[in-house]
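*Asks:* Residues per chain are reported as follows:
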Amino acid sequence: MKRIVLNDKPFVKEMETYGLIGLVIGVVGLGASFAMDAHSFWGGYLLGFIYFMGISVTMMFFSTLSYLVNAGWAVAVRRIAELYSFHAIWAVPVLMLPLIIPVLTGNSPVYSWVNPTDAHLKEMLEHGFKGVYLAKGFFIVRMVLYIALWFIMNRFIVGNSIKQDTATDITPTAKNWKRAALFTIIYALTITFISFDLVMSLEPKWFSTIFGVTAFAGNFISTCALVLITMNALKQGGYVKGVFSREHYHDLGKLMFAFTIFWTYVNFSQYFIIWYANIPEETFFYDMRLNNGWQLFGWGSLIIHFVIPFLFLIRQDIKRTPKMVRMGALWILFAHFVDLSWIILPVFTASGGEHGAAYHLNGSVILAGLCGVALNGGIFLYIASMQYKKYPVIAYNDPYLHETLEYSSGSYDRV
Amino acid sequence: MKAVGVLGNFTDVNAIVSAASKVNEAGYTSWDCFTPYPVHGLDKAMGVKRTILPYISFVGGCIGLMTAIGLQSWTGAVDYKLNIGGKPLFALQFSIPIDFELTVLVCAISTVVGLFHLCKLPTWWNPFQSDKGFAKAMDDEFVIGIYANDSRYHQENVIALLQSAGATDVRVVHEGEEHN
Amino acid sequence: MQTTAIRHEREPLILGNPTLHDITAKIAGIAESKPNMKFLTALGFSATLMAWGIGCILYTVFNGIGVWGLNNPIGWGWDITNFVFWVGIGHAGTLISAILFLFRQKWRTAINRSAEAMTIFAVLNATTMVLSHTGRQWLFTWLIPTPGNQMNMWTNFRSPLEWDVFAVNTYLLVSLMFWFIGMVPDLATMREYVKSNIAKKVYTIFSLGWDGSMRKWHHYEMAYMILAGLSTPLVLSVHSVVSFDFTVGILPGWHTTIFPPYFVAGAIFSGFAMVVTLLVIAREILDLKEYITLKHLDNMNKIILATGMMVGYAYAMEMFIAQYSGNKYEGFVFLNRATGDYAWAYWTMVLCNVISPQVFWFAKLRRSIPVMFVISIFVNIGMWFERFTIISTSLHHDFLPSSWGYYSPTWVEVSIFAGTFGIFLTLFLLFAKFIPVIAIAEVKGVMPNAQPHHHHDEHEEH
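Residue numbers (the working numbering), protein chains in the order written: chain A, 1 to 415; chain B, 1001 to 1180; chain C, 2001 to 2462.
With the rest of the complex left out, here is chain A (with noise of 0.2 Å):
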């Protein structure tokens, strides 16, 4: 197996150039945006913002569990994830400052517990361990640590991934063996905790324990949806011949199909506990986004985010014909959207004060969302583009990636 680095081969041009059409599609709209709407704006900047940083992050998890669990069809796209993940070191730091910053000097336009109006939420601050938590040092530390964390994790498993290639034995490897455990926990330690911080908190009043499940679900799908999607891109341009092959999108295919399932599974056991207890204190998040228009987005992304994949993508045939399972992997890109935009973005809607409190949907927010999933996407990109200028497309020195190559050629048996 070649190195291969792609440099400037177009493949790596059209991904800088979409890199900087998003970015200026999300700086000119979202600059409209908060001409118009400061609400929206904020909305939208945040959509973005949870959009990318969750798949970044989910993209180093990507490669952790690849190395946990041994899986040997897997060598063949992890680099692709790896090369995904210095997003969530290089521009999600800074992306994160103007959503933290008014945090810190008291009067944030995003979370309402920073400076609450409400009375209800301003005793339960005061009293007891919420207030603990959603402290404005504490809040912020928090953050801090998570971006620590996720820098560790990229050093130490995507670069050891890295510097596998020129070894010349299995030490890297054989530590990320070791490291993938340890690496997982921090995974699903802060993909929880900052899902609660800066998503479930846009309620502060509500809570659900299986929140940080249904954030992760999210996030793995659309995870495996962009590495199918770049892996059907790098082989359609020819860049990497004898590496993927039919298998490798019934796999990728099959985990979307499942997570699609186990996104459902999370997000009703959510849905459906709290419909049948019936109590006021958590119902209320459903009330108001299945009503005064939301609820197109709130059913809609049942049948976006359920329906439509699992129709599509149980049957064998689309999920080993690379142009069909595509389709259905940026499907469910749009899909992710859906469903962030209906739990993130309903709060920058509110109208009619503390009681009559609503959420009416409008056209401008979602706006906003997408300018918001531009701009986070268009940086995504660019700062990926500059990984795939660098580093080899596939990890070509893996000690199991002869396992891949043989599962391709298809003398892999089957169980």
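Hints were generated in silico from the structure; no laboratory data involved. The C-beta atom is built at its ideal place from N, Cα and C for all residues, glycine as well. Possibly wrong hints are sitting among the right ones.
As the list claims (entries may be wrong) - FRET-style restraints, in silico, Cβ to Cβ: (1) C:Leu2365 to A:Arg3: 34 to 44 Å; (2) C:Pro2012 to B:Val1172: 38 to 48 Å; (3) C:Gln2105 to A:Arg3: 51 to 61 Å; (4) A:Pro280 to C:Asn2152: 55 to 65 Å; (5) A:Lys163 to C:Gln2105: 27 to 37 Å; (6) A:Lys175 to C:Met2037: 49 to 59 Å; (7) C:Pro2012 to A:Lys175: 17 to 27 Å.
Given chain A's structure and the hints, the job is docking chains B and C onto it.
*Replies:* Below, chains B and C without anything else, positioned relative to chain A:
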């Protein structure tokens, strides 16, 4: 005594796959391979058409789902209305657990029934069973059997074909005869 | 084919490089051999335990569940604890047979048959437990929607307990079908292998005339895949529905959204622990060390570690959110778990479920038979206490301090629980003797060189 057909044993798994494609290419239709475990690609080499079993399962699943929704809505909201805990008489939300379970149950049952039908199970006999070497297919050998009722069946041709394909111990099996 | 500079080869799945015939002779031979003293002693012991347990169930049926220690705030005790415990044990079998099948984990082939058997026996025990607690057990048909029940009423489909009836029975039936379908080719192998006439007749009947026809294998493989595909969401659903028994109510400590996946993870955790406990013994007694290798046990211990961490994650989330929620009842229940009357049960649970599996971080300990045996038993104790903690702590201190209470079981409940182990072990021993304990056809199919070698061009895209 009437002949049932011709059997040939193989010990190598690659040999039976290439032999199977030869028999298939020769145009025989009433024949089969007998193996101790499913051999990948052998069905393709034999020219077996893709099974319709998934469609049977799918229909079963649909029936299960409709039964579940019908049962819960009719008993709760039509036949015997009873207010329990202020919950709605019927709602899709609370019906989901049973909708799911019955879909899976009926789907699984129809898969098994479909399998029995497609494989004609149980059939407690096989025309070749009098042959001792035939049982080796349950252990460690691979057997090709071409039935005498095939329209192209000519004993000598069939024997020659199997021998040329590399079968050991090619023999004709007759009805009711104990063979070694 | 291209080769890479650095290669790492995996351990073989089956040791000693047996031929296909060796596999037949080894596994089918178990049924032929005369049962030894060890086996008969074990069978005698577990059958006695089973008889005692069944006796105590009958005692309960004739006297009513007043003979148990249940009291007013605590209406569920060992009965439901044991029910949840046994349903959970079943999950490993389905996970091994279905999910690992879909993910092409070849190592499952040596252990799936026995793990599936455990599933079925465990679910039978769960059904026994839940039926015994219904009070008037002879009216069990009222659980099933049949016309003409009392006052022509139907079952209450709004009740999570009714969902359980469907979930557990579906699980039992689908597992049975999956198990039996997987066994048919092996029973056919037994039919050809055994010498005794009676045995041959029995195996002939149950093997349904399977002849190894490739045309049948073609349908068979599809059926197996569909059943695996159905069992995968099913295994998630069963324990989720069991968790709904608790979560859809409003009781603090029961009503929490993470319960469904947390119950499933815990079920897999305890199920694998039980599989390890029994297989460590079985491979010893039946001399199957070459088939159920240290690699298999190592993999299962890894799953125990992983699911143990998930369970630990769920404990942490529950505790955290209970405090974060700002709801004082939630906050109290969780502090009470850790510091109240049942703190001993809570800390036993944490110690056994979260702390003890940590030794599996070390490859050496994962491969040590005595260590894994002890840990797997710890995990089972811990998982039993988890259910007990959930049930009793939320009930014994509810909203009204005037009705707080404490619960201890009577000898009848303890005996019934012991009896369920008797039922489980008796059935497992009989299974190990008369049914191919390892999936013969599947193991043959994953032996090196068992599958034809494909040429590169065959699989190119077109």
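*Asks:* Next, verify each hint and record whether it holds.
*Replies:* How the hints compare with the structure:
Distance hint check: the CB atoms of Leu2365 (chain C) and Arg3 (chain A) are about 39 Å apart, consistent with the given range 34 to 44 Å. Distance hint for Pro2012 (chain C) and Val1172 (chain B): a CB-CB separation of about 41 Å, consistent with the stated range 38 to 48 Å. At about 31 Å, the CB distance of Gln2105 (chain C) to Arg3 (chain A) disagrees with the hint of 51 to 61 Å. Range check, Pro280 (chain A) to Asn2152 (chain C): Cβ separation about 37 Å, and the 55 to 65 Å hint is violated.
Between Lys163 (chain A) and Gln2105 (chain C) the Cβ separation comes to about 29 Å, which falls inside the hinted range of 27 to 37 Å. At about 50 Å, the beta-carbon gap between Lys175 (chain A) and Met2037 (chain C) stays in the expected band of 49 to 59 Å. At about 25 Å, the beta-carbon gap between Pro2012 (chain C) and Lys175 (chain A) stays in the expected band of 17 to 27 Å.
In summary, the structure is inconsistent with hints 3, 4 from the numbered list given earlier, while agreeing with the others.
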